[in-house]
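Enquirer: Heads up: the sequence lines are chains A and B, in that order. So in our numbering, spot 176 of the first sequence is number 176, and the numbers just go up one at a time. So in our numbering, spot 90 of the second sequence is number 90, and the numbers just go up one at a time.
Derived Cβ-Cβ restraints for the label pairs, each shown as a range:
| id | chain 1 | residue 1 | chain 2 | residue 2 | range |
| --- | --- | --- | --- | --- | --- |
| 1 | A | Arg213 | B | Ser206 | 51 to 57 Å |
| 2 | B | Arg76 | A | Arg164 | 27 to 33 Å |
| 3 | A | Leu9 | B | Ala37 | 55 to 61 Å |
| 4 | B | Ala47 | A | Leu163 | 28 to 34 Å |
| 5 | A | Asp304 | B | Gly167 | 46 to 52 Å |
| 6 | B | Pro220 | A | Gly218 | 47 to 53 Å |
The hints are simulated quantities; they were obtained by calculation from the structure and are not laboratory data. The structure displayed is predicted, hence computed values, not measured ones. Idealized CB from N, CA, C, for every residue including glycine.
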Amino acid sequence: MNRYLAKRLLQGLFVLWAAYTLSFLILYLLPGDAAAIQAGGAENGGVDPALVERLRAEYGLDRPLWEQYTTALARALTLDFGTSTQSGTAATAAVSAVLPQTFALAATALPLAVVVGVALAIASTFARWRWLRQALSALPPLGVSVPSFWIGLLLLQFFSFRLRLFPSMGNEGWASLVLPSVALAIPTGAFLAQILSRSLRQTLEQPYIELARAKGAGSARVHFGHALQNAVIPALTLAGVLVGQLLAGTVVTETVFSRVGVGRLVVTAVNSRDIPVVQTVVVFAALVFVLTSLVVDLLYPLIDRRISVTGASLVNA
Amino acid sequence: MTSDLLIATTVGERARAVEQPAEAVAPRSSSLRRVAASAVRQPGLVAAVLVLTMVVLWAVAPALFTGSSPIDGVPRDKLQPPSAAHIFGTDNLGRDLFARVVHGSGTSLLATTAAVLVGLVAGSLFGLLAGYLRGIVDDAVMRVMDVLLAVPSLLLSLALITALGFGTLNVAVAVGLASVASFSRVMRAEVITVSTAVYVEAARSSGVRWSTILRRHVLPNASGAVLALSALEFGAAVLAISSLSFLGFGAPPPAPEWGSLVAGGRDYLAVAWWLTTIPGLVVVAVVLSANRVARAFERTGAQR
Chain A
1 MNRYLAKRLL QGLFVLWAAY TLSFLILYLL PGDAAAIQAG GAENGGVDPA
51 LVERLRAEYG LDRPLWEQYT TALARALTLD FGTSTQSGTA ATAAVSAVLP
101 QTFALAATAL PLAVVVGVAL AIASTFARWR WLRQALSALP PLGVSVPSFW
151 IGLLLLQFFS FRLRLFPSMG NEGWASLVLP SVALAIPTGA FLAQILSRSL
201 RQTLEQPYIE LARAKGAGSA RVHFGHALQN AVIPALTLAG VLVGQLLAGT
251 VVTETVFSRV GVGRLVVTAV NSRDIPVVQT VVVFAALVFV LTSLVVDLLY
301 PLIDRRISVT GASLVNA
Chain B
1 MTSDLLIATT VGERARAVEQ PAEAVAPRSS SLRRVAASAV RQPGLVAAVL
51 VLTMVVLWAV APALFTGSSP IDGVPRDKLQ PPSAAHIFGT DNLGRDLFAR
101 VVHGSGTSLL ATTAAVLVGL VAGSLFGLLA GYLRGIVDDA VMRVMDVLLA
151 VPSLLLSLAL ITALGFGTLN VAVAVGLASV ASFSRVMRAE VITVSTAVYV
201 EAARSSGVRW STILRRHVLP NASGAVLALS ALEFGAAVLA ISSLSFLGFG
251 APPPAPEWGS LVAGGRDYLA VAWWLTTIPG LVVVAVVLSA NRVARAFERT
301 GAQR
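One chain only, chain A, in its complex shape:
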């Protein structure tokens, strides 16, 4: 158990390192001179060459790339991702200042997405009438095809401008959290429902389900006693991707609802080409992915007893 945990932690650290390196390569190596960008942007045309040179020296961009990378990585190990060019504060501080707002949004949207997604998947295989099952199973493909910014704007139009039930923007109070979390939960919930109902349908075709039915188990018993437990595994495997999607979804949702948060911070950072902040958020997203995957790995044995965490690897006996 401990060896397994240690191995998974090491893998997680590798992913974080690789995410840092990848974002470093993207942000500092691709065409577009970081110093020129921060001196006023290539779009403005007339950038003062002396200022660019000074910035280059300040950021260490005049040194060889290898040296830049090792210096930056050493700093990143002490959680120093550089200074935000918009606010002049540390990039990590800029991100953690708005993190609680995004956490509140995600923590409302995630349970909503999971409950709706699971309920939809179960209902679309469990409902008594064929037409209802068909109607319900058409919903997830629709949900994943709808742009989330559009859903957000429709919700705004109807619930805050027409019915005046909820505020149209801002972070104050619970009421301001309702519409954004619904908008954020729809794509994630639809994605979850799609995966889970596909896997439920496959599980329900298994011989052991047939056997359970032959022995007289009712539809409810077959669903909840036999099928669901096995069908949930593929959906759980995707938990890391799902939570990552939710985090990425805040970029659009927070913009639509003019909320303060990590997602909105990224948009302004991209707009002003604030490289340290963008990199911090990318690495943070990787951290969220790693942590979620780790938690899910530890949950497997509780759901399926055939999966046991022994020795160095996950053994599926």
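Go by the hints and put chain B onto chain A.
Expert: Chain B in isolation, oriented as in the chain A frame:
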């Protein structure tokens, strides 16, 4: 396992399952009749093809569909709701929204196609290398792809845009590069299956060069699943590009794009519902249709 992997395996399985029966070639007339018969049975697919055809026509020849200018408005006619004269209504500058949607199709579809092509070419190349060379190259490439999956693709695209700069083409490249992981996984899985097949072993043992084996045996057989995936990725790319365009990273105004059209209507939510609702509906229709066609392609595409 991840979503892409899930897609990868199902696409691959279906492709292979369909590949097996090598029936006698049916005469052309009966295959035409079969198409007609299946069209009647699948009205959804027919509608999807019609939607896509119409949007492509909008992109190719916008002038055939609308006489109004997408850039110059008539200030007198501003913020009119949909009517016979302006079927999608007009915006705050009196520009015809239908004209803007139709003229925006070209940019939006071009960006989507470019994104899918970038993902397809780069992903296939990595997948081909990994699957054919195996060993340390395979390990290295696939570890990188794992990391690409750990970062949500929208954030990855945003990082790429920060480096590349704004504009439709940069957005397309950013979206395409962010989808490299799923293409390379499917390609790798297919290449591994094909290259362990007996006929490839036979070719290898009779001394055929590896570049020839790749070109003549591996690529043609592996491409079915990859093409099915690109149909699927098309819908995802429309969504991603419209989101980035909505956030303001696409073509600068006044050039119309589907995403930026929705963004432009944001300030008039309370007074002009059509400005956000209608361009969004167009995006929904295109994504749904692309996904519907992708599903049909998944089932039958590998037969060829």
